[in-house]
Amino acid sequence: MGSRIEHRAEFSAGLAAVVAAVSGEEALLARLEELGGDNAKLLSHTTEGDVTRFELQHGINAARLPQAVRALHKGDLIVRRTEEWRPDGDGYAGRIDVNVSGVPGEITARTSLKPEGERVRYRTDGEVTVRIPLFGGKIESVVAEQVTNLLRHEAEFTARWLAEHA
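Each residue of the sequence shown is one higher than the one before, counting from 0 in numbering that gives the first Met the number 0.
Hints are computed from structural coordinates only; laboratory data are not their basis. All C-beta atoms in this analysis are idealised placements derived from N, C-alpha and C, irrespective of residue type, glycine included. Check each hint, because a few of them may be wrong.
For each label pair, taking beta carbons as the anchor points, the in silico distance ranges come out as [claimed, not checked]: (1) D89 / L133: 45 to 53 Å; (2) P132 / E25: 41 to 49 Å; (3) N98 / G48: 39 to 47 Å; (4) E9 / L133: 38 to 46 Å; (5) Q66 / E126: 18 to 26 Å; (6) F134 / E5: 21 to 29 Å; (7) D87 / S43: 17 to 25 Å; (8) E115 / K73: 45 to 53 Å; (9) V50 / R120: 17 to 25 Å; (10) F134 / K113: 32 to 40 Å; (11) F134 / E33: 27 to 35 Å; (12) E117 / R151: 21 to 29 Å; (13) E117 / G74: 41 to 49 Å; (14) E32 / R120: 23 to 31 Å.
Model the full assembly from the supplied sequences, consistent with the hints where possible.
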């Protein structure tokens with residue numbers, strides 16, 4: 000059983016602007032530049048009809064990793080994150096899949112954007128699973144905390160992006 004990830008954010012913009020801020024190529028490139036870490040890249044970005052898919056690469060320098068992770072993984076981490084967003088009722092639903100180089104496990108999450116009056120609520124619910132006997136649960140907790148912090152920073156970036164571009 001993995002460690003849960005939950006994150007909520009609210010944005011003061013219309014749904015179309017928020018969708019563009021969380022899945023648009025220009026916003027993603029800016030977000031990666033600010034928050035993506037070492038060797039951050041937008042590996043792919045496609046829109047087919049109303050469905051947008053993209054893959055991001057984040058790099059985490061080994062020196063910045065928690066000791067529990069460094070003890071089991073030598074060197075830098077490369078994180079590959081695939082997201083998909085599609086219309087869902089009056090909002091959007093998404094899925095995030097994350098794999099980390101050299102770590103037997105994954106992160107999966109469901110996301111949603113729902114308009115509520117003048118605001119849009121952004122919700123992420125997911126799970127971190129690390130398949131390492133004895134240490135997996137400890138690493139899952141650390142990773143879940145780091146992912147939640149990243150989601151918070153991404154929401155702060157998105158709010159600033161919307162204030163400047165919406």
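Verification of the hints:
| no. | hint | verdict |
| --- | --- | --- |
| 1 | D89 / L133: 45 to 53 Å | holds (46 Å) |
| 2 | P132 / E25: 41 to 49 Å | holds (44 Å) |
| 3 | N98 / G48: 39 to 47 Å | violated (27 Å) |
| 4 | E9 / L133: 38 to 46 Å | holds (40 Å) |
| 5 | Q66 / E126: 18 to 26 Å | holds (23 Å) |
| 6 | F134 / E5: 21 to 29 Å | holds (23 Å) |
| 7 | D87 / S43: 17 to 25 Å | holds (22 Å) |
| 8 | E115 / K73: 45 to 53 Å | holds (46 Å) |
| 9 | V50 / R120: 17 to 25 Å | holds (21 Å) |
| 10 | F134 / K113: 32 to 40 Å | holds (38 Å) |
| 11 | F134 / E33: 27 to 35 Å | holds (32 Å) |
| 12 | E117 / R151: 21 to 29 Å | holds (22 Å) |
| 13 | E117 / G74: 41 to 49 Å | holds (47 Å) |
| 14 | E32 / R120: 23 to 31 Å | holds (26 Å) |
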